[in-house]
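There are 2 protein chains.
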Amino acid sequence: VAVRAVVLREGRLVVDEVPDPVPAPGQVLARVLACGICGSDLHARDHLDAMIDLQRRTRPGGPGLDATRDLVMGHEFCAELVDGSGGTLRSGTRVCSMPISVATGSIQALGYSNDLPGAYGELVVLDEALCLPVPGDLPTELAALTEPLAVGRHAVEKARLTRDDVALVLGCGPIGLAVILALRRQGIGPIVAADYSAARRALAERLGADVVVDPAATSPYERWEDLAWPPEADRTNPLVRLLGPQPRPGVVFECVGVPGVLAAITRGAMRDTRVVVVGVCMETDHLEPMLAIGKELSLQFVLGYTPDEFADTLRALADGELDAAPLITGQVDLDGTPAAFAALADPEAHAKILVRP
Amino acid sequence: VAVRAVVLREGRLVVDEVPDPVPAPGQVLARVLACGICGSDLHARDHLDAMIDLQRRTRPGGPGLDATRDLVMGHEFCAELVDGSGGTLRSGTRVCSMPISVATGSIQALGYSNDLPGAYGELVVLDEALCLPVPGDLPTELAALTEPLAVGRHAVEKARLTRDDVALVLGCGPIGLAVILALRRQGIGPIVAADYSAARRALAERLGADVVVDPAATSPYERWEDLAWPPEADRTNPLVRLLGPQPRPGVVFECVGVPGVLAAITRGAMRDTRVVVVGVCMETDHLEPMLAIGKELSLQFVLGYTPDEFADTLRALADGELDAAPLITGQVDLDGTPAAFAALADPEAHAKILVRP
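Protein chains in written order, with this note's numbering: chain A, 3 to 359; chain B, 3 to 359.
Since the hints were made in silico from the structure, they are not lab data.
Some hints could be false.
Across the chosen pairs, the derived CB separations fall in these ranges [as the list claims (entries may be wrong)]:
| no. | chain 1 | residue 1 | chain 2 | residue 2 | range |
| --- | --- | --- | --- | --- | --- |
| 1 | B | G262 | A | D321 | 40 to 50 Å |
| 2 | B | P233 | A | R358 | 45 to 55 Å |
| 3 | A | P21 | B | V242 | 22 to 32 Å |
For every residue, glycine included, the Cβ atom is placed at its ideal position computed from N, Cα and C.
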């Protein structure tokens, strides 16, 4: 038996038949209903070798990807059990799951493993223990956003927020937008969001940013600092800055992930700013430690989410606490997926595209 | 009237007569009893232009140093009031003070200002509001350590320590040693300390490190990680690492301050490590964000201390909570100061040298 999937093969995405995935003990078979296209997948298509090299260095001893073998990506999914295991996991149940498997005795990243195909295909196998039923009336498209929204939730969790924080979100791609949703859910504000794309700024505003900034026209740091300082403070006077009323605490979410952004934040940030680095910069970057020292900045690098954060995000979607629908800007079938990857290069056109196999 | 001082003039230290410092309203005149030589002063002697450039960029609008004018450095001091202001600040009272002045309406860094001479001279003027009397029987030499020990105290404060932390101190110069003293005072342990110098390692052990490591022979990260993991954990098995008992939380204090150390920490640190950057790296440094992301590291850059931390450090010295005497490896007069700067280049010979004008 064979099923259709979008396969990454020698640097190109092709739609092809692949072997039917077979669940091991502790796993269940599921039909993919929707799967979001993630920026990491775009990166993997173009730079798989660099990604494999980093994977080897960050997780030595892990299974590791083989660039010469087929890879089915896709890790932001909602699926329907073909073959349930009883209890709440009956056949036909819609589920979300963290894209990982441990049931076969090693750690496999679903969507980044040659042995555990991801959700850009008709069928997946999932660890039974990780399957979370999707609450009854939550649309499948929204359930498929659980994974990227959990990333934003986790970043906000790691920011050690206080009620007084003034937040700056740099980059309004899906991750920056997920951070804005998570901040808004926690009642943090004002939120300043910056992106060069007008469409992305409009989305940021719709999802909860109080102020949006085009960095080509205005310094995001100045807008943010204006909101943090008491209006009466004379910030031009160093003595007032030292002894006068202090600004509200500042937190910056780096959701861009290209070299140079950390250095720019170091130059632009207020004293004592907590910087949460969510954007994944794959290249070596530079930093002027002396500037960071002078301001006593902190940089918190973050990745992924905890099982609790993932489950809580699905629940929050179901309870209407996260109004994430505007994130979805397109839906395609498997045959339309390679073109969707290309379309995502234009931030004016798209934020999140879902694949519906 | 003129007094003698060690002057930095055109990149060289010379002992010369300088104008008698005159207190402004709110300031008091004091005779310097002892002043420690700080690594920053060594750096300033050789790289004053680079330091001025950074000062301009980190504190725009500040007074700024002028490399063409004389500079009297020295900011780790204990002094005796020549001319008290009454109350507890009578003539003859020994005092410590944060090396800063705001009494003249601008912020002056004592020891890094052309207008406010530092304590490598016979006399200084101090802000009355910042003078802390030295408790009766605390030796002057130890009181003069208040400033560098407050730096260690502050670094430990910013580390968000938990009782479970396993600490790694990289670099056992005066700042690394101050961090060890502050950790020990808070009951944190085990403490692993690393330095290439045998003399510095011996000092680290004497001041409270539980394990000392020569990085030329042994990886400090491995020794530290061994202490953090439960002995029974099979750390070679990725699945055990994910699902098994987790290591105690790790904190690293970077007290070296040369390019490449942050990158090495990023490679060597355990997951979730908090890195406190106390070492002052004056040059642009590089970083692989992807490795830091994979481990969810945090980097907290720190500088100086708060007024409370400074006062608390003086009190702790007086109460015998900080056994700092071994830090002092030499004492010189003003004429011996230029040679003491040279001697500090050898970590086997010295940690902290005090100038006794």
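Now the hints, each set against the structure:
Separation of B:G262 from A:D321 is about 49 Å and conforms to the stated range, judged on CB atoms against 40 to 50 Å. A hinted range of 45 to 55 Å holds for the C-beta pair B:P233 and A:R358, which are about 51 Å apart. Distance hint for A:P21 and B:V242: a CB-CB separation of about 30 Å, consistent with the stated range 22 to 32 Å.
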